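Chemist: Listed below are the residues making up each chain.
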Amino acid sequence: MNKLSSIARWAAGAMVCATLFSQTAFAQEAPKLTDPEIASVAVTANQIDVEYGNIALKTSKSSAVKKFAQTMVNDHNNIIKQAVALAGKLGVTPKDNAVTQQLLEGAKKTKDNLKKLKGKAFDKAYINNEVAYHEAVISAVKTLLIPQAQNAELKALLVKVAPLLEAHLHMAKEAQAKFK
Amino acid sequence: MKGIIKTALCICCIWIAITGCQPSAENTAPVSDTVIISQMKFTPDVLYINKWDTIVWINNDIVSHDVTEAASKAWFSDTIQSGSSWKTVLGKSADYFCSIHPTMKAKIVVRE
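Protein chains in written order, with this note's numbering: chain L, 33 to 212; chain X, 440 to 551.
If we strip away everything but chain L, and leave its shape as in the complex, we get (with noise of 0.2 angstroms):
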């Protein structure tokens, strides 16, 4: 037991950096995004807390962090649907870039080592992970997206995001302050 607990918290820890570097997609040198790069951006982000929180839903046994998981898929989605609506009435084609594939790329990475874990260790590594990855999107959104974006109707959506997701990172942050 003591060696598959120590094995969860390095596989644990192991994962966090790695969502941490991953999330280094958003701390390099500023890119400069147009306007459908700035909307898969945004795309992307969400739809990989959805699958973050799919995969919580499927694999916590905790009530508390399964009710958490609900509201970042029921939010996330709810920002997808309102991004593909505002693309599809400016006729902007969102458009995969460097930053979208990074994402992706550190994405899979942080799955695939959730999938491994289960019980107390999932919950604590899928917080851990909601802790960082709403960081690394909150300052992205501020410094990045908001500040290239050119459409003001798409900039709008950004900056009505933002306290959102603010408040999911104090969410996550309560969630995670329970594991200590």
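By construction, these hints were calculated from the structure, which means they are not laboratory data.
Nothing here was measured: the structure is a model prediction, and the numbers come from that model.
Everything hinted at is true.
Derived lysine-lysine pairs resembling DSS-like cross-links, with alpha carbons at most 27 angstroms apart:
| no. | chain 1 | residue 1 | chain 2 | residue 2 |
| --- | --- | --- | --- | --- |
| 1 | X | LYS480 | L | LYS98 |
| 2 | L | LYS192 | X | LYS546 |
| 3 | X | LYS546 | X | LYS531 |
| 4 | X | LYS526 | L | LYS192 |
| 5 | L | LYS192 | L | LYS113 |
| 6 | L | LYS141 | L | LYS93 |
| 7 | X | LYS544 | L | LYS174 |
| 8 | L | LYS99 | X | LYS512 |
| 9 | X | LYS544 | L | LYS192 |
| 10 | X | LYS480 | L | LYS205 |
| 11 | X | LYS512 | L | LYS98 |
| 12 | X | LYS512 | X | LYS526 |
| 13 | L | LYS205 | X | LYS546 |
| 14 | L | LYS99 | X | LYS544 |
| 15 | X | LYS480 | L | LYS210 |
| 16 | L | LYS99 | X | LYS526 |
| 17 | L | LYS98 | X | LYS544 |
| 18 | X | LYS490 | X | LYS512 |
| 19 | X | LYS480 | L | LYS174 |
| 20 | L | LYS210 | X | LYS546 |
| 21 | L | LYS210 | X | LYS544 |
| 22 | L | LYS174 | L | LYS64 |
| 23 | X | LYS512 | L | LYS210 |
| 24 | L | LYS187 | X | LYS480 |
| 25 | L | LYS205 | X | LYS544 |
| 26 | L | LYS174 | L | LYS141 |
| 27 | X | LYS544 | L | LYS212 |
| 28 | L | LYS98 | L | LYS210 |
| 29 | X | LYS512 | L | LYS205 |
| 30 | L | LYS99 | L | LYS210 |
| 31 | X | LYS490 | X | LYS531 |
| 32 | L | LYS93 | X | LYS512 |
| 33 | L | LYS174 | L | LYS187 |
| 34 | X | LYS531 | X | LYS480 |
| 35 | L | LYS192 | X | LYS480 |
| 36 | L | LYS113 | X | LYS480 |
| 37 | X | LYS546 | L | LYS99 |
| 38 | L | LYS99 | X | LYS480 |
Following the hints, put chain X in place on chain L, whose structure we already have.
Modeler: Relative to chain L, chain X alone:
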């Protein structure tokens, strides 16, 4: 001259009668009090009401919320979709929150 003064006095009396009949602010009880849900906040976060006022929560946010009495869940809404509203009548002060986003908190204070 007398005619002008009489007319002026009449106008003054009518004016006083009109302004005197207008209800004062203290006599105007609001039909309902409103809380706006937007940017993951309840605004105002402290709402002062008269006992048995109707309170309306309007969700102007981009995601769904709800309102739940904090102490004992004595009253709560179903999910309030973006663009929708919910109302209730309250006779007692209460803290409340959004059970979907529990970091969103506010309170209702009934005036004595």
